[in-house]
Amino acid sequence: MVYQNTTKSLDVKNFSLTAQEVLPRRSSLQQVTTKLGKTGKVRVATRKITAPIDCTTLMFKKPDPAQKGQGYYGGESLTSIVRLALNVAGAKPQIKTIVANSSQIHVSKKSIYVTTPTYMWSPFICPADAMCMPWRGQGQYTTIYGFDLDALVYKYATVVAGTTWNQYSMDENTQ
Amino acid sequence: MLINGSQLILVGTKSQPYSQYSYERAFVYRDQQVLIAVYDISKATPKLLQAYTYDGWLQDSRIVDNQLVLVTSQSLNR
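Just so you know, the protein sequences line up as chains A and B, in that order.
Numbered continuously in the working numbering, the first sequence closes out at residue 180.
Numbered continuously in the working numbering, the second sequence closes out at residue 84.
If we strip away everything but chain B, and leave its shape as in the complex, we get (with noise of 0.2 Å):
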C-alpha cells in the first residue's frame, strides 16, 4: 500500500487456480499477477482511477517523482 498525495496506490499478487494452468506444457508460469489499483482518495468516497495487472509475482515498489515503479518476477520453466 502506497500513498502519493491524493492518490492511494495497492499493489498485491494473487493466485490462479492451480486446475486452471499446465504447469507441464508452459514455459512462462503464468500462476500468479500482480494487481494494482490507483484510487483517488481526495473526497470521502474513494474513486478507483487505474486497474491493471500483470503476470508474475510482485518483488518490490516504489514511488519515485509521481511514478510508481514495480519490480515483478515471473518464472521460466526449465
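Just chain A, same shape as in the assembly (with noise of 0.2 Å):
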C-alpha cells in the first residue's frame, strides 16, 4: 500500500520509519449520549476514547518493486476489536486495532480469531530483514489473527494453506 502511493523510491532501510510516520497511530471511537431537555428537544453530545494502533502484524514493512501490479498490497485495511462489557453501567468500550484485513471470525470464551483470505497470484519471498510470512507458492492462503480475549490483546498470526468455508468451518482445541 505505502509502496504504490509512492512516487519516488524508499531507502530500504529506513522504510520501517516511513511506514510508521506514514501509518495511523491511534483509531477513536466515539461515545454519544442522549438526553430529553426540559423544552422536549434531544440534546446529543459526544465524546471521543482513543486507542493505539498496533503495527506488530504488518506483513510487510518494505516495499518489494516485484510485488508493484501484482495487487498484494491492495485492499490492506485496518481491523479492530472492540470489547465493550454490557453488564457494567457507563463501562467503556476496548479497542484492538492491527493492520490487517479481516472476514470470518471464530469466538470462544478466552480468544477471538480472525481469518484474511489471499490469493498469492506469484511465488512470494519475504523481503530480509521484513516482519512477514515465509515463502509461499502461488495459490489460496487464509491467515489467522489470534487474540486473547480477557486481555484484548494480539497474540500471533498463522498462515494456512486453503480457505475457510464459513465461520462454522473454525473450532477451538484448547488441549
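Rather than coming from a laboratory, the hints here were simulated on the basis of the structure.
A few of these clues could be false.
[Unchecked claim] Heads up, simulated DSS-like pairs for lysine-lysine below, C-alpha to C-alpha not over 25 Å straight-line:
hint : chain 1 : residue 1 : chain 2 : residue 2
1    : A       : K53       : B       : K20
2    : B       : K49       : A       : K40
3    : B       : K53       : A       : K160
4    : B       : K49       : A       : K46
5    : A       : K46       : B       : K20
6    : B       : K53       : A       : K53
7    : B       : K49       : A       : K160
Being a predicted model, the structure only gives us computed values, none of them experimental.
Put the complex together from the two separate chains, hints included.
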C-alpha cells in the first residue's frame, strides 16, 4: 500500500521509519449520549475514546518492487476488535487495532480468531529484514490472527493453505 | 441485532455522504461508521443505555459472557 502511494523509490533501510510516520497511530471511538431537555428537545453529546494501533502484525514492512502490479498490497486495511462490557453501567469500550484485513471470525470464551483469505498470484519471498510470513507458492491461503479476549491483546498470526468455508468451519482445540 | 438478557443491542453501519469526504487526500477511509446502541428492554418503554460510533464497517459481532465483541474494518488508501 505504501509502495504504490510513493512517487519516488524508498530507501529500503529507512522504510520501517517511513511506515511508522505514515500509518495512523491511534484509532478513535465516539461515545454518543442523548438527553431529553426540559424543552422537549433531545440533546446529543459526543466524547472520543482513543486506542493505539498495533503495527506488529504488519506483514510487509518494506516495499518489494517485484510485487508491484500483483495486486497484493491492494485492500490492506485496519482491523479493530471492539469489546464492550454489557453488565457494567457506563463501561468504556476497549479497542485493539492491527494492520490486517479481516473476513470470517471465530470467538470462544477466551480467544477471538480473525481470518483473512488471500490469493497469491505468484510465489512470494519475504524480503530480508522484513516482518512477514516465509515463502509461499501460488495459490489460496488464509491468514489467522489470534487475540486473547480477556486481555484484548494480539497473540499471533499464522498462515494455512486454502480457505475457510464459513464461520462454522472453525473451532478451537484448547488441549 | 443481539439480545443479552434484558438488553437489546443494535449494531449497524452508516455511510458518510460522499461530498463530506475527500477520498484522494485521506490515508484512512472514514466514509463508513459502525453504530452500537444498547437498549434496556426490561420495561414496556425501551431505554437507551449506551451508544457509540466507530470508524469503519462491521465485519461481525458476538456476545460472550456479557461482553459485546465486534470486529470492524477500515480501508487504508494506497
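Restraint status (C-alpha distance of K46(A) to K20(B) at most 25 Å): holds, 24 Å
Holds or violated: K53(B) to K53(A), with C-alpha atoms at most 25 Å apart: holds, 22 Å
Distance restraint between K49(B) and K46(A), which requires alpha-carbon spacing of 25 Å or less: holds, 23 Å
Agreement of K49(B) and K160(A) with the hint, judged by alpha carbon distance not exceeding 25 Å: Distance of about 41 Å is beyond 25 Å: violated.
25 Å limit on alpha-carbon distance, applied to hinted pair K53(A) and K20(B): Judged against 25 Å, a Cα distance of about 18 Å means the pair holds.
Agreement of K53(B) and K160(A) with the hint, judged by alpha carbon distance not exceeding 25 Å: violated, 38 Å
Agreement of K49(B) and K40(A) with the hint, judged by alpha carbon distance not exceeding 25 Å: Distance ~19 Å between K49(B) and K40(A) Cα, so the pair holds.
Checked against the numbered hints above, the structure breaks hints 3 and 7 and satisfies the rest.
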